[in-house]
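There are 2 protein chains.
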Amino acid sequence: MLKRQTKDFINIDPLQTGGKLTEEAKQALLEWGDGYSICDFCQGRLDEIRTPPIYDFVHKELPEFLGCDVARITTGAREGMFAIMHALAKKDAWVILDGNAHYSSYISAERAGLNIAEVPNTGYPDYLIKPDKFEEVIEETERKGEIALALITYPDGNYGNLPDAKKIAEICKSHGIPLLLNGAYAVGRMPLKLKEIGADFIVGSGHKSMASSGPVGVLGMKSEWEEIVLKRSSKYKNKEIELLGCTARGVSLITLIASFPAVKKRVERWREEVEKARYFSSKMEEIGVLQLGEKPHNHDLMFFSSEKLFEISKKVKDGRFFLYKELKSRRIHGIKPGLTKHFKLSTYGLSKEEIEYVLNAFREIIEKYEK
Amino acid sequence: MLKRQTKDFINIDPLQTGGKLTEEAKQALLEWGDGYSICDFCQGRLDEIRTPPIYDFVHKELPEFLGCDVARITTGAREGMFAIMHALAKKDAWVILDGNAHYSSYISAERAGLNIAEVPNTGYPDYLIKPDKFEEVIEETERKGEIALALITYPDGNYGNLPDAKKIAEICKSHGIPLLLNGAYAVGRMPLKLKEIGADFIVGSGHKSMASSGPVGVLGMKSEWEEIVLKRSSKYKNKEIELLGCTARGVSLITLIASFPAVKKRVERWREEVEKARYFSSKMEEIGVLQLGEKPHNHDLMFFSSEKLFEISKKVKDGRFFLYKELKSRRIHGIKPGLTKHFKLSTYGLSKEEIEYVLNAFREIIEKYEK
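Sequences listed follow chains A and B, in order.
One gets our numbering by counting positions in the first sequence from 1 and adding 1169 to each.
One gets our numbering by counting positions in the second sequence from 1 and adding 1169 to each.
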């Protein structure tokens, strides 16, 4: 049997902390595991299935949760970004990406045939995306051609920085450019409403931040975009072209639905998650591991820099794998094997005891090798 | 808890008979249910993950099974078709589709901006796709513009017809047109090797025919297409554009891998499945329910036509839902609610006892209302 080595470890991998299944989702997994089981009573389109209650989820609960008019299921945040970009793309047009964008934003644009303009971040140590710079790049790009879309990563997956999305949305609006929020690390972790931000599109990731099995994601938009992004096939009148008819037609969607009540509740506790992250960051800094990115920090995903751990790695038997191995021996998973100088981690969903345990592990490891 | 109403029913829905999980896959589901669990040890790309053994699966087992040079994981057959069409699309180019193609082939082409030419089937009662007709449509279309791709559905999802793929592949080759086999109802059910057919691409569906949870699929190709279809990003050198970096990054892929040994074995028993289907068909015809499509039939998916059931539906209390309800009361699931005159079903994986039970159900229902 295919066993998972890291099961029951404390997991601090930012990619994984928001994707742990709830008990409800675990039960749903076995009940609906078979292939097309969720399509038992399909009448032609995924989002219209009433048993299980996909229709209500997509057309009622999800728009309310995302603060948007129209929502759909995708196979992930990146597939949502691509669907939007592909629907909006025109010959020789541009997309504006923030410099902290996930690689999949870049590749979605590349696949959609869009030219890409990047808004640089402020560099070391904060790596911020500033609205002024965003506007500057928009203005430069307008001189080169039509801008089909702008995108901000909210927060980004490297530093966990939350740019001033409202301000950027205002800027985009004043330039007549639709704005897409990549909320893969936000939707399902923190409160976030598309209309409060003032953006046009939002994507989220079920497997990254909504306690779901992968692959599954969500897509929200203002109603004015519905006819463009959800354009129907000319031959199959009920099928949406950019979704190829149906998207996450399987069990991952059921876990998303099953976890959703718990996810709605957990976003209300976001303030606590931010406090935990800040506490963790301050304690890491006390042992000489510096947090880069926004400070005080506003998200559970944090980027750390450690000259100390890097120096140790140059001297020890296991080399740069020593940190990974030390953490593994303490049943802590989530920092990539081989990293010591720069690494990211997340404290999302960890109990206070687990936070202390992880902090202690770092303290012990540094002390052990500094003797 | 979200309960599945049809669990433990005898399932004759063609969409579902090949997607029932094996015991191994059920165990893997719970072990790997959490979000990005399969990415615990990812070094940058899904198909290169060694723990769990995705690398071996994608680069060794799958190409051997599909009889191709290069294989990848997709989120389903349609996403594989779209990736190929999108990679091959050129301005004003055409795609040739067989007239029995699944709607998602048509929509993939529409999304990829290709003009569509359809090869008509022979119509009632067989609905065959004939190689001669295929060539005729190719020749007509060549006069209109460049043909980027041809596609055959093998078998189609309506009649379960298996066209002469070798012959069609030869024709395509002689015209210099790459051929894609949509094997969503073949790969994982019956033996099928891309190179034996002589086609260029093949797609399969994990949730439809490989005993997997959805959404997940497979894509195979001849090596000459690798650089075009799996073109890398100019900025992220390791990421394949048409796959947006990674595809089925979650638990559905683990079920595909866990079921694979059983799937490899079951395709060897294909002859028995065909015999069962033919037996079923002959017995249905004895009670006046006619099988349309190829005869003798070569696949478990069959299309039936019944004037008798249709006549009954006009007279009874439940109207056209009577057949669905009668089958449901006998714990048989898979014929869409409301259908009586035309319906499809599949005998895949059913035991001989179950086959008799289903046949008896039809007999009983007809007798009951014909009294």
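No lab work stands behind these hints, which were simulated from the structure alone.
Just so we're clear, the structure is a prediction, and the values are computed from it rather than from any experiment.
A portion of the hints provided could be inaccurate.
Stated by the list, open to error - Chain B stretches covered by chain A per the calculated footprint, using a threshold of three residues with CB under 8 Å from any CB of chain A:
(1) 1197 to 1209
(2) 1263 to 1277
(3) 1310 to 1322
(4) 1334 to 1346
(5) 1400 to 1414
(6) 1461 to 1472
Claimed, not checked - Below, simulated EDC-like cross-link-like pairs (lysine to aspartate or glutamate); rule was C-alpha separation at most 16 Å, straight line:
(7) B:K1342 to B:E1315
(8) A:K1313 to A:D1261
(9) B:K1189 to A:E1200
(10) B:K1497 to B:D1487
(11) B:K1176 to A:E1200
(12) B:K1172 to A:E1523
(13) B:K1260 to A:E1533
(14) A:K1172 to B:D1261
(15) A:K1497 to A:E1523
(16) A:K1434 to A:E1193
(17) A:K1189 to B:E1200
(18) A:K1362 to A:E1437
(19) B:K1229 to B:E1217
(20) B:K1172 to A:E1200
(21) B:K1391 to B:D1238
(22) A:K1176 to A:E1217
(23) A:K1172 to B:E1454
(24) B:K1497 to B:E1480
(25) B:K1510 to B:D1487
(26) B:K1510 to B:E1444
(27) A:K1408 to A:E1533
(28) A:K1404 to B:E1522
(29) B:K1342 to B:E1308
(30) B:K1299 to B:E1287
(31) B:K1364 to B:E1393
(32) A:K1195 to B:E1200
(33) A:K1176 to B:E1454
(34) A:K1362 to A:E1233
(35) A:K1391 to A:E1365
(36) B:K1464 to B:E1454
(37) B:K1404 to A:E1287
(38) A:K1452 to A:E1533
(39) A:K1172 to B:E1193
(40) B:K1540 to B:E1454
Every residue gets a Cβ at the ideal spot worked out from N, C-alpha and C, and that includes glycine.
Status of the hints after comparison with the structure:
1. 1197 to 1209: holds (count 13)
2. 1263 to 1277: holds (count 5)
3. 1310 to 1322: With 0 residues close enough to chain A, the hint is violated.
4. 1334 to 1346: This one is violated; 0 residues, fewer than the three required, reach chain A with a Cβ under 8 Å.
5. 1400 to 1414: Per the Cβ count (9), the hint holds.
6. 1461 to 1472: Per the Cβ count (0), the hint is violated.
7. B:K1342 to B:E1315: holds, 15 Å
8. A:K1313 to A:D1261: Judged against 16 Å, a Cα distance of about 9 Å means the pair holds.
9. B:K1189 to A:E1200: Judged against 16 Å, a Cα distance of about 12 Å means the pair holds.
10. B:K1497 to B:D1487: Distance ~13 Å between B:K1497 and B:D1487 Cα, so the pair holds.
11. B:K1176 to A:E1200: holds, 8 Å
12. B:K1172 to A:E1523: violated, 34 Å
13. B:K1260 to A:E1533: violated, 62 Å
14. A:K1172 to B:D1261: violated, 50 Å
15. A:K1497 to A:E1523: holds, 15 Å
16. A:K1434 to A:E1193: Holds. A:K1434 to A:E1193 sits at ~14 Å (cutoff 16 Å).
17. A:K1189 to B:E1200: With Cα atoms ~12 Å apart, A:K1189 and B:E1200 stay inside 16 Å; holds.
18. A:K1362 to A:E1437: holds, 13 Å
19. B:K1229 to B:E1217: holds, 12 Å
20. B:K1172 to A:E1200: Distance of about 7 Å is within 16 Å: holds.
21. B:K1391 to B:D1238: holds, 5 Å
22. A:K1176 to A:E1217: Roughly 36 Å between the alpha carbons, so the hint for A:K1176 and A:E1217 is violated.
23. A:K1172 to B:E1454: violated, 48 Å
24. B:K1497 to B:E1480: violated, 20 Å
25. B:K1510 to B:D1487: holds, 15 Å
26. B:K1510 to B:E1444: The hint is violated at about 25 Å.
27. A:K1408 to A:E1533: Answer violated: A:K1408 to A:E1533 is near 57 Å, above 16 Å.
28. A:K1404 to B:E1522: violated, 41 Å
29. B:K1342 to B:E1308: holds, 13 Å
30. B:K1299 to B:E1287: holds, 12 Å
31. B:K1364 to B:E1393: Satisfied, since the Cα-Cα distance of roughly 13 Å is no more than 16 Å.
32. A:K1195 to B:E1200: Given pair A:K1195, B:E1200 holds - Cα atoms ~10 Å apart, limit 16 Å.
33. A:K1176 to B:E1454: violated, 54 Å
34. A:K1362 to A:E1233: OK: A:K1362 and A:E1233 at ~8 Å, within 16 Å.
35. A:K1391 to A:E1365: holds, 12 Å
36. B:K1464 to B:E1454: The given pair, whose Cα atoms are some 12 Å apart, holds under the 16 Å limit.
37. B:K1404 to A:E1287: OK: B:K1404 and A:E1287 at ~12 Å, within 16 Å.
38. A:K1452 to A:E1533: Holds: A:K1452 and A:E1533 sit about 13 Å apart, inside 16 Å.
39. A:K1172 to B:E1193: holds, 11 Å
40. B:K1540 to B:E1454: violated, 19 Å
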